[in-house]
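Read off the chains here:
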Amino acid sequence: MPGDVSALQLLLSGDPALLAIVRLSLIVSLSAVVFGGLIGVPFGAAVALTRFPGREAVIVILNALMGLPPVVVGLAVYLLLSRSGPLGSWGLLFTPQAMIVAQTVLIAPIIAALARQTVEDLWSEYRDELAAMDVGPLGRIATLIWDGRFSLVTALLAGFGRAAAEVGAVLIVGGNIDGFTRTMTTAIALETSKGDLPLAIGLGLVLIAIVVVVNAAAWGLRRAGERLAG
Amino acid sequence: MRAPVTDLPIVLEDVSFSAGGVTILDRISLVLVAGSPTVLIGPNGAGKTTLLRLVMGLIAPTRGRVTWGGREQASPTHRAIVFQRPAMLRRSAAGNIRYALAAAGVPRARRAAHALALGALVGLTGLERRPARKLSGGEQQRLALARALAKEPQLLLLDEPTASLDPAATKAIEDVIRKVAASGIKVVMSTHDLGEAKRLAGEIVLVHRGRVIESGAAETFFAAPKTIEARRFIAGELLV
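Sequences listed follow chains A and B, in order. Heads up, the first sequence is in my numbering, so the first residue is 37 and it goes up one at a time. Heads up, the second sequence is in my numbering, so the first residue is 20 and it goes up one at a time.
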């Protein structure tokens with residue numbers, strides 16, 4: 037298949053355009069995972085450990101937000117960052133930062149919902165022990181996050197998978213500007229529509245490889261950690 | 020100089036506990052004083068675990084009151100409990116003890132040496148680096164004991180500490196309990212194993228259907244039980 041050969045050639049030759057797209061995609065998605073984790077993990081843990089009126093509704097909404105359509109998130113962030121929007125003065129629209137914001141909004145609920153479940157399961161196991169040891173609220177949250185770290189990695193991976201694969205949100209707020217806001221997914225969509233299949237296939241292969249490598253690394257880390265910590 | 024704060028005696032006055040419309044403990048009055056171990060005996064579902072949780076202060080009575088050294092509100096600083104199925108934190112055996120030491124306010128610099136000493140006390144020397152969740156049932160119970168002792172408690176509560184353990188593991192736990200009791204820590208434990216009660220108890224409290232049926236010195240209880248339930252329980256009959 038000539039398309040496959042060309043894609044392979046592009047990959048092996050280290051095509052600068054392809055590498056730039058890969059680099060930006062990784063920066064955007066990994067940044068979104070970091071911010072989504074910083075927001076989602078503590079929020080999920082707090083929901084797991086506290087009781088307040090409307091908690092059940094919060095859990096239902098959180099779970100529902102896991103299926104948030106990327107184009108809707110893109111539209112919301114677009115309206116927020118557009119010149120006439122409340123944050124228009126920041127001048128972030130059509131920048132990588134806007135793409136990070138959109139992906140963070142997209143994956144923070146996923147990480148929060150999975151973190152809540154992880155922490156809540158662990159809490160039902162640890163509750164009595166931590167109460168008997170007289171561990172305070174912050175100590176409890178820290179303990180549960182630390183002891184649930186291997187499961188929480190799975191939550192972060194789910195977030196990364198979602199961020200790396202989505203196209204709608206980054207397309208709307210990033211604009212798919214060549215050399216500036218073009219990511220693997222937006223480039224694949226564009227090159228396919230243009231009929232430039234070798235680049236599209238090359239990017240697709242790189243995207244799949246990255247997801248596999250990141251998941252394999254996280255899996256290995258988790259297994260090693262479990263072997264050492266139990 | 021102020022006298023050290025003590026949680027003893029622990030006094031339960033007309034205490035009841037209900038959950039979900041079910042009365043689990045029914046008007047219990049009991050005084051726990053310093054001295055030899057007090058063993059709560061009774062069949063499964065009698066209310067022994069709930070009684071221990073009340074004494075620990077993990078739950079509040081729905082009726083009556085509990086006082087620790089005359090105080091109604093006493094943080095569990097001087098009390099520790101080992102549950103029937105203790106949860107092992109996801110870290111090494113020594114890491115579990117160090118966590119308990121940190122929770123008890125022991126300075127970081129002293130934790131490692133202290134953890135080793137506690138591990139040795141409960142017979143876990145050589146297993147300090149093993150993940151706690153990979154220890155055997157008996158080893159986990161001993162680790163839970165070490166964790167509880169990290170608090171240097173005045174009162175140690177043990178909920179069926181040898182349930183489902185083999186004789187060797189049971190003996191190891193009982194040896195630790197004897198050592199702990201000999202060091203001046205008041206031990207209150209539950210069991211439905213009469214042999215264990217005879218081996219360890221200074222005082223017996225027979226609990227059945229949420230009520231204290233009979234209590235007193237262990238020797239007297241086993242030699243001359245006063246109630247029909249106690250006689251039947253000692254004879255090995257089923258109390259239902």
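Just so you know, these hints were derived from the structure itself, not from any lab. It is possible that some hints are incorrect.
Which residues of chain A face chain B? A few of them, derived with a C-beta cut under 8 Å, are [what the hints assert, rightly or not]:
| id | residue |
| --- | --- |
| 1 | 169 |
| 2 | 170 |
| 3 | 227 |
| 4 | 232 |
Don't be surprised by glycine CBs; every beta carbon is placed ideally from N, CA and C.
Hint-by-hint comparison with the structure:
1. About 4 Å separates the beta-carbon of residue 169(A) from the nearest beta-carbon of chain B, less than 8 Å, and the hint is met.
2. Of the supplied interface hints, the one on residue 170(A) holds, with its beta-carbon coming within about 5 Å of a beta-carbon of chain B, less than 8 Å.
3. The closest approach between the C-beta of residue 227(A) and any C-beta of chain B is roughly 46 Å, which is over the 8 Å cut-off, so the hint fails.
4. Taking 8 Å as the C-beta cut-off, the interface hint given for residue 232(A) is violated, the closest approach to chain B being about 50 Å.
Hints 3, 4 from the earlier list are contradicted by this structure; the remaining hints agree with it.
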